[in-house]
Structures are given as C-alpha cells and as structure tokens.
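Q: Below are the chains, spelled out letter by letter.
Number of protein chains: 4
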Amino acid sequence: MKFLLFAGSLRIQSLNKKLINSIHMHLKNQIIEHELIDLVDFTAPVYNGDIETTAGIPESIKKLTHYIQQTDALIIATPEYNGGISSPLKNTVDWLSRCKPMPLAGKHLLLASASPGQFGGVRGAWHTRVPFEILGVHVFPDMFSLPLADTQFDTTNKLIDEKIDERLKKLVTRFVEYVKKKI
Amino acid sequence: MKFLLFAGSLRIQSLNKKLINSIHMHLKNQIIEHELIDLVDFTAPVYNGDIETTAGIPESIKKLTHYIQQTDALIIATPEYNGGISSPLKNTVDWLSRCKPMPLAGKHLLLASASPGQFGGVRGAWHTRVPFEILGVHVFPDMFSLPLADTQFDTTNKLIDEKIDERLKKLVTRFVEYVKKKI
Amino acid sequence: MKFLLFAGSLRIQSLNKKLINSIHMHLKNQIIEHELIDLVDFTAPVYNGDIETTAGIPESIKKLTHYIQQTDALIIATPEYNGGISSPLKNTVDWLSRCKPMPLAGKHLLLASASPGQFGGVRGAWHTRVPFEILGVHVFPDMFSLPLADTQFDTTNKLIDEKIDERLKKLVTRFVEYVKKKI
Amino acid sequence: MKFLLFAGSLRIQSLNKKLINSIHMHLKNQIIEHELIDLVDFTAPVYNGDIETTAGIPESIKKLTHYIQQTDALIIATPEYNGGISSPLKNTVDWLSRCKPMPLAGKHLLLASASPGQFGGVRGAWHTRVPFEILGVHVFPDMFSLPLADTQFDTTNKLIDEKIDERLKKLVTRFVEYVKKKI
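One line per chain: the protein sequences are X, W, H and L, in this order.
Residues 28 to 210 (our numbering) are what the first sequence spells out, left to right.
Residues 28 to 210 (our numbering) are what the second sequence spells out, left to right.
Residues 28 to 210 (our numbering) are what the third sequence spells out, left to right.
Residues 28 to 210 (our numbering) are what the fourth sequence spells out, left to right.
To be clear, the hints were calculated from the coordinates, so they are not data collected in a lab.
Just so you know, these numbers come straight off a predicted model, no measurement behind them.
Since the list gives no way to pick one copy over another, a pair counts as held whenever it fits inside one copy or between any two copies.
Simulated crosslink set (DSS-like; lysine-lysine; CA at most 27 Å straight-line):
(1) Lys-209 x Lys-29
(2) Lys-197 x Lys-127
(3) Lys-197 x Lys-208
(4) Lys-197 x Lys-209
(5) Lys-196 x Lys-209
(6) Lys-90 x Lys-207
Work out the full structure: start from the sequences and follow the hints.
A: Set out below in structure tokens:
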C-alpha cells in the first residue's frame, strides 16, 4: 500500500504545502509507504487540444502519471481559488484525464484545504471533489479544512494548535484504515 | 452598451469557438456593439503566486482586463472538462481575480456550452457559474447547452438545425434586453 | 417596487428568522414596500405527483404564489441542512415550480444564511441558488452568511455586532439599488 | 452483506421506481441479500425543529433508520427536481441526520436517476451526492442516468434497450464487488 501526497498550489510558501507537510508527518509515524511531491515539478502549459495533437502529453504529466500508477491513494491539500478548484490542480487533472490508461481511475483520495479566510476553503473543496469523482476516484467523504491558516503554523511549519493537529491525525488514520481494506 | 465574446477553450477547431461564432452572428444582426476575441491571444502561465510576486500580472491578462473594463457584458461559450470548468477559463478567471480593480465585478454574463456528449456540457456550465458569481458577476439564470455538438455545425460553422439556432437567438436577445435595462 | 421576505426554516426560534428580521429592519428604514411572511403559514405535504394529480396544488402554495406574483424581489434567509438547501425551502420551491404561471420566473433574489457553525451556512447557500436559477430567478451574486449565529443576536433579536449589521445593511442596500434599475 | 433499495420519488408510476425495479432484478440474479422499499411508506412531515422537539423523530423515520442499520449499502434511483435533489429524498435525509446513532454514516451508496428530459437527471444526481457525503456516506463515483426515461420501459416496467440494461447491470455488479471488499 502506497500513498502519494501533494499540494494543489505552486508557490513555495503555500499554506497548503504546510498543511500537506503536517499530513506527511502523520503518515511517517504510521510507517506507511508514501511519497510527497511538489506540483511545481510537474507543471504543464494550460490545456490546449492543439498542443496535445502536435506535441503530445507533456513529459511532466507522463512522469506524474507514472507516480500515480504506483500508488493506491492520494492525499491532496489544495486551496480554494474563487470559490472553486485551484487552476494548477484543475489543469493537472485535465491533462491526466487525457492519458491512457487514465491513472486516477479507482484510486482513493483524501482532500484537505487551508485558507487565510474564515471558511478554510470548504466551498472550493466541494467543487474539487467533482472532477475526481467523474474520473472514477473514490473521494473520502470526510475532508479537512483549516480556516485562518496564515496564523496556524509555527516557524517550523507545524500546526500550532495540538487539538487541530490531533483532529487531522485522526482523519488521516481513518482514511488509511479505509484504504487498507483489501485494496 | 458593449459586449465581449469569447470561447473557454483554446484549440482552433473548438466546438465552443463555433458556438460563440453563432452567437456573434446574432449580435451582429441586432446592431449591438461587441467584440469577439480568442483566449489563445491572452494565455498566461498556470497561476502561481510566486510568478505574480516576481513578474507581476502577465501582460496578456492586463490586456484582457482592459477589454473587459470597456464592456458591460460578456458571453462565453465554454466546454466542460471533467464535469467542471475548463482549465483555460479557470486559469484566466484566477489571474483576473488578482487585478485591481478587478474588472469582472458587476458585469453581466451569459454562459453557453457545446459538447460532443449527450449532456452538452450542462454539468460543467453549473460549476462555471460559481467563480464568476463569487467575483460579483450577474450570471444570467438561463444558459444554452448544445449536445452532440460535433454533428451540429455545417462546413461554414453555422448551426445546421434552424430550431436550435432560433432558440439560441431568443436567449441572446433576452440577455441583451436584460442588460440594456439602465446599465 | 415590492419585496417579499421569509426564512427557509419553520421553527419559531430559528436563527434565520432572526436574521430575516434584521433584514426587515433595514428595509423599513429605506421606506421600501415589503412584506415579511413565515413559511410555517404556507406548509404543504412533501411533494408527491399523486397528491398533485388527485388534490391539485395545495391552497397554501397557491396563496404563496399570489404573494410572489405581487413582488419584484425576494429576500430569503435560510439554513444549511446537511450541506445543502433546507428541506422546507426545497419542498416549497418544488411545489411552486408546478404552478402555472410559475411565479418565480424573472424575479430577483437575495440569499442570506445563519448557522451556529463556523461556516455560517455558506455551503448550503451555494446549493440553494441552483433551483432558483434553474427557474429563471436572478440570484444576486453576493450573499450574506452569519457564522456562530447562536451568539450573534441579543434578547430583542437584534444583531449584537454593529459592524456585522452595517455589512448586512450595505448588502441589502446594494441589492435594492440593483433591483430598482432592473425592473 | 445486505443492500437496501428505494426510489427518491413518491408517486406510484414514478420512472425512478421503474428504474430501481430494474436494478432490483440484477441484484436478484446475483443472489445478494437485499430489500426493496417504497419511501411512500416512510413519509414524514416537512422537517421542522419544533415538531422534533414536541413530538420527537417520526415513527416512519425510526423504522427507516432500523432498515438502514441492517444494511451495508444503499442503491437509490432518484429524480432531479429543479436541478437538484428531490424534496422527498432531501426531507428523508434531513430527518435521518437527526437520529442517534445516525444510520447513514459509513454506508456505501450507488445513485441512479431517470428523467423524461435529455439530461437524465444528471445535474440533480451531483447535488444529491452532497448531503450523503456530508453525513459520511461513501457515494460510488460512477452513477447511472437514464434520459428520455418515459420511453425506455415496456409495459412490464423492464428496460427496452438491452444495451442500456447491460450497462446498468455492469455498474451494479462493479458496485457490489466494491462493497464486498470494503465492508
């Protein structure tokens, strides 16, 4: 059983990169095989059918496809952009959906979101489920959202509030247990 | 009163470019000031806060902002990508949302969608409304969706079925009438 | 120009009834013709096509239809039930959609939501837009959500925090101004 | 392993009752323990917190809770009402969410929809997922939608088109296989 982790935003200081790091810590403690990658290493041009026709699927996307094929489950911490899915994540999913075999089908996914706002990206998370579900991904019903996220991490990028971190750990553990069942 | 028209996909033979062309014809006949642009002339990198910090808003987006500022209403024909908004359109909206003043606020928008599938992109259209509404756009309640769109245009890119074209014309006319009211 | 106001929940102590009362106060001060009703006076059985066939549209719904026909715009403060629209409001809309002429078409609507939770019902509000938009209602892009609503009203059911009340007043005023232009 | 089946509409001639019957046939052939019920036998008043306080959870809902507790998975064929969840189904879910223990948590769910329209209820199906997912239900990513459903059943309420019935059978089989692994 192997898990793949990444954030749905690209900038270095992304709050969602900090959140996926916290999730990473919990997986480490559970001795689960996993890999944490950075979408900035897998960027592709904005999807354009003419690019696909003339140049094929970008190498970055082929590489990402390879990572996904080797995993049973994904955990993505992703921001809300204008009430919906982040454009880096949507663009990645749209390119992945063009690969054959389509690597996401049948995978499990846990979604988390962090935002400086009071809603913690919860609206965007619900829109983010849809393209994955359309592609046959089992998106875990429970999600994690972190409001006021710009004040929630210490200088080592750990969650300051132990109760919140404990809640995150419990959700990750439940997700791992669910995926484990005869995958 | 001025209208701005474009498609939410980039490829040259896009079905939604054909659909926006049909809408264009109806506006021409109504002697409404309007402009039809192609998003491929306004491409930007996938949104990354670090790019914004170091290089600023891309020139292409600034140019698009200028076009939007001069219009009262937009009409967008846009595909559904994996049940949601197309990544080219989402990326454009996410960049636009970073501009000050944010040019979309208070504008009117009519959404249309074409798709080779049986649902005509109707699921994606409902997700496409959300980021615009979050940004203060008055999205017209009625939308137009064209199923089996790969068989609906003749070689001159006109809608073959006159009843469908008449339905499109009526919707565009109703939208124009609504926008007209003391904008 | 006339406005119709109600809450999307039925219980007497509903937080959304308190919120619609606060909105009511702001309309009174603007000397706008309006009416505040209580959905509990317009209850109908859960929608069942066989009831409609044998007994017709319930009298309560016919009465509500009459109220809506005489107004230009609605303001509804409505709770989120399980992430979506409240069943009392959905049931009302489903019955209204069976009336001919369908009274909601072309009306304007401002949505607000109150919730004891941290998200203020914002997820439900986005789902609540959809059936209205499907029925041709111009749902105002901006909405108002009140988190932790069980602590936000004083014993006279007024909003305690003046800043929040001022924000509500501004939104209601902007909505009134918009409706004035468009009718 | 046991499955519970019902339709999300109440009327006797409901197209979704016909669809759930077709699903019922496929389960029978797979010798899976299951029960087909009719929501009309579990009707409750439109949700009202005051009714809950004074009269408690309705007996019909308690009875339904009992059925759900004894099953591992649900299959629901449900109509789209005004682009969203049907009011009978939403009202049922809203009442169920008030029961302790809440019987839906951790269950598996397959959604299907039939509609006389060209979209087969697909928009409503996506809204119908949400309250279940909020309540911790594993909603199967794939769904089944039947457009033009008023012409799809013969006089014995069987699907006329064998290809469509075969597609339905395959989806039900995949769902059964998935549930088998995960319980």
